[in-house]
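As they're listed, the protein sequences go chains A and B. Counting in the numbering used here, the first sequence runs from 1 upward without gaps. Counting in the numbering used here, the second sequence runs from 1 upward without gaps.
No wet-lab data here; the hints were simulated from the structure. Quick caveat, the model's predicted, so the values are computed rather than measured. By construction, the Cβ of each residue, glycine as well, lies at the ideal position given by its N, Cα and C atoms. Possibly wrong hints are sitting among the right ones.
Within a straight-line C-alpha distance of at most 27 Å, the following computed BS3-like cross-link-like pairs (lysine-lysine) qualify [unchecked claim]:
| hint | chain 1 | residue 1 | chain 2 | residue 2 |
| --- | --- | --- | --- | --- |
| 1 | A | K249 | A | K79 |
| 2 | B | K205 | A | K146 |
| 3 | A | K79 | B | K171 |
| 4 | A | K121 | A | K131 |
| 5 | A | K121 | B | K171 |
| 6 | B | K184 | A | K124 |
| 7 | A | K131 | A | K249 |
| 8 | A | K146 | A | K196 |
| 9 | B | K184 | A | K79 |
| 10 | A | K79 | A | K200 |
| 11 | B | K184 | A | K121 |
| 12 | A | K124 | A | K79 |
Over the 12 Å line for every Cβ pair with chain B, so calculated as not near, a few chain A residues [said to hold, decoys possible]:
| hint | residue |
| --- | --- |
| 13 | R65 |
| 14 | Q77 |
| 15 | V97 |
| 16 | D176 |
Here is how the chains run, residue by residue.
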Amino acid sequence: MVLPGGLVDNKSTGQAAVEVEGLSVRFATEGGTVNALQQVSLKVAKGDFVSLLGPSGCGKSTLLRVVADLLQPSEGQVKVLGDLPAVARVRREFGFVFQEASLLPWRSALENVRLPMEVGKFSKHRATSRKPEELLELVGLSGFEKAYPRQLSGGMRQRVAIARALVANPTVLLMDEPFGALDEIQRDRLNVELLKIWQKTGITILFVTHSIAEAAFLSSRVVVMSPRPGRIKEVIDVPLPYPRNLELKDEPRFGQLTGRLRQLLAHE
Amino acid sequence: MPVKSSESEDVLTQNVSPGNVRLKRKNRARPAIVAILGAIGVLAVWQAIIVGLKVPEYLVPAPTAVWGSLTTDFALLMQNAWPTLVESVVGFLLGNGIAVGLAIIFVHNKTLEQIFYPMAVVVRTIPIVAIAPILVLLLGSGLAPKVAIAALISFFPTLVNMVRGLESVDKQALELMHVLSASKTEVFFKLRLISSLPYLFAALKISTGACVVGAIVAEWIGSDSGLGVLVVNATYQFRTPLLYATMVVASVMALVFFALIVLLERLIVRWETESETV
Chain A
1 MVLPGGLVDN KSTGQAAVEV EGLSVRFATE GGTVNALQQV SLKVAKGDFV
51 SLLGPSGCGK STLLRVVADL LQPSEGQVKV LGDLPAVARV RREFGFVFQE
101 ASLLPWRSAL ENVRLPMEVG KFSKHRATSR KPEELLELVG LSGFEKAYPR
151 QLSGGMRQRV AIARALVANP TVLLMDEPFG ALDEIQRDRL NVELLKIWQK
201 TGITILFVTH SIAEAAFLSS RVVVMSPRPG RIKEVIDVPL PYPRNLELKD
251 EPRFGQLTGR LRQLLAHE
Chain B
1 MPVKSSESED VLTQNVSPGN VRLKRKNRAR PAIVAILGAI GVLAVWQAII
51 VGLKVPEYLV PAPTAVWGSL TTDFALLMQN AWPTLVESVV GFLLGNGIAV
101 GLAIIFVHNK TLEQIFYPMA VVVRTIPIVA IAPILVLLLG SGLAPKVAIA
151 ALISFFPTLV NMVRGLESVD KQALELMHVL SASKTEVFFK LRLISSLPYL
201 FAALKISTGA CVVGAIVAEW IGSDSGLGVL VVNATYQFRT PLLYATMVVA
251 SVMALVFFAL IVLLERLIVR WETESETV
């Protein structure tokens, strides 16, 4: 496994950030039962950047939502830092970034970042937190503290959402196609910045995407998934060293990697 | 706002930059000017027709005659406007207050909503002029039946809109609150209540006119003062300019009321850019 050098200080404890064991999720629909996930097992080590890559219907978002306690498993179990998702949620062990920034429009950027500290008995369950002002600086938005969501571009709104997810100083960051609604230029820019944030904070990231290039560029490991029923096809260790920059995308080894991922996705 | 980032060009949506604000203001003033000029035009044509065709005053008074009544009968008009104003305002506060309270209960208790919401809808279909005599019989001829009718007429739009507003919360925002382990109370105050405000104000704006109408209708049925009484008396006494003047006073009252709510909305609901629905 390729890990960024010197960034993961707590890896030696051996405890996985996210542990998925024999997870199945079934939905009842009009056309019968849908196996969104069938017998999925996965371990995400602390400090890892893991992408869940696959076509729609492969259960990648479902998996992320079970980890975030937004969905209940039908079978199997999921642990976040050794605890059930519901327990980890109350303790704010993870932050979540949705596809839409879902900022509260009546709150300024800074007030949106502060929201997690104002609800759910935050101080009782979480000893550490980060300064909202510093987080806005981390995501490149210093000077925009007082701006309202409607005054910000889509990319900037998503930056605020990332800052909000980091304010509780969580160990794990769960991201559900966070840049899916952005244009490619913005997406590239935010990919680079996300890697910087990841390296600065040493946080564990579980990232859902349907973009092969995005998964290859960001991740230390890519989990390739396939649909009907949703399952893990293969887990690929990405042999590209960090720090990575956009020029990497033009190198042959990057092309080799995306080619391999594409092949895996083609054979269902 | 300091603009430091390299992204400065997509920082501010275009209508925030000073140049465009000025442009927008100019555009906003234009319809107002057109509307005023239009009103003056209509009044002038009206005056010309009445004078030109020698229409008798008791049938349709000229604008100047209405103005004459407004000035000479000013004391009488104000004396009767006061009770109507009190009834309207108290009715407005009471009706909307109960509606908001009920909407909050409905959103938290589905069973209660299933019992009472259909009932409210049925009651709503009964015309207010039919309910008014019942309430006068029940509550006497004092302030109470007028307030009750003004309240009733403001009640329904607010109940319907507020329930809709409280339930139309962004699904992803609710999921966010779940991930943040927010309690039901926190979700209500930090999310539901605030996102329902545009819906509430839309209903309140309808209520402003409706509650004045409710108070006047109630006064027709049984009262010794108020604009409703003045309407009835002026009609029977063929004091048509006074009748028109009374309508002007009632209309101005509703307009001022409406303007106050719009002002309040602008102060509170600042995040909605396109909330101007009149």
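Structure-based check of each hint:
Distance check on the hinted pair: K249 (chain A) and K79 (chain A) sit about 34 Å apart at the alpha-carbon level, beyond 27 Å; violated. Note on K205 (chain B) and K146 (chain A): the hinted pairing is violated, with a Cα-Cα distance of about 30 Å set against a maximum of 27 Å. For the given pair, K79 (chain A) sits about 25 Å from K171 (chain B) by alpha-carbon distance, which is consistent with the 27 Å threshold. Of the pairs offered as hints, the one joining K121 (chain A) and K131 (chain A) holds, with about 17 Å between alpha carbons and a cut-off of 27 Å not exceeded.
In summary, the hint linking K121 (chain A) to K171 (chain B) is supported, as the alpha carbons are separated by about 22 Å, within the 27 Å threshold. Distance hint between K184 (chain B) and K124 (chain A) is fulfilled; the C-alpha atoms sit about 18 Å from each other, no more than 27 Å. Restraint check for K131 (chain A) and K249 (chain A): not satisfied, since their Cα atoms lie roughly 34 Å apart, outside the 27 Å limit. Between the alpha carbons of K146 (chain A) and K196 (chain A) the distance comes to roughly 25 Å, so the proposed pair stays at or under 27 Å and holds.
Annotation: proposed proximity of K184 (chain B) to K79 (chain A) holds, straight-line Cα distance about 26 Å (limit 27 Å). Simply put, K79 (chain A) and K200 (chain A) have alpha-carbon atoms about 25 Å apart, close enough for the 27 Å limit, and the pair holds. Distance restraint check for K184 (chain B) and K121 (chain A): the Cα-Cα separation of roughly 12 Å lies within the 27 Å cut-off, and the hinted pair is therefore satisfied. Proposed proximity of K124 (chain A) and K79 (chain A) is supported: the alpha carbons are some 22 Å apart, at most 27 Å.
With a least beta-carbon separation of about 9 Å from chain B, R65 (chain A) fails to lie farther than 12 Å from that chain, contradicting its non-interface assignment. Here Q77 (chain A) stays apart from chain B, with its beta-carbon at least about 19 Å from theirs, past the 12 Å limit. With a least beta-carbon separation of about 10 Å from chain B, V97 (chain A) fails to lie farther than 12 Å from that chain, contradicting its non-interface assignment. Not every Cβ of chain B is farther than 12 Å from the Cβ of D176 (chain A); the closest lies at roughly 10 Å, contradicting the non-interface assignment.
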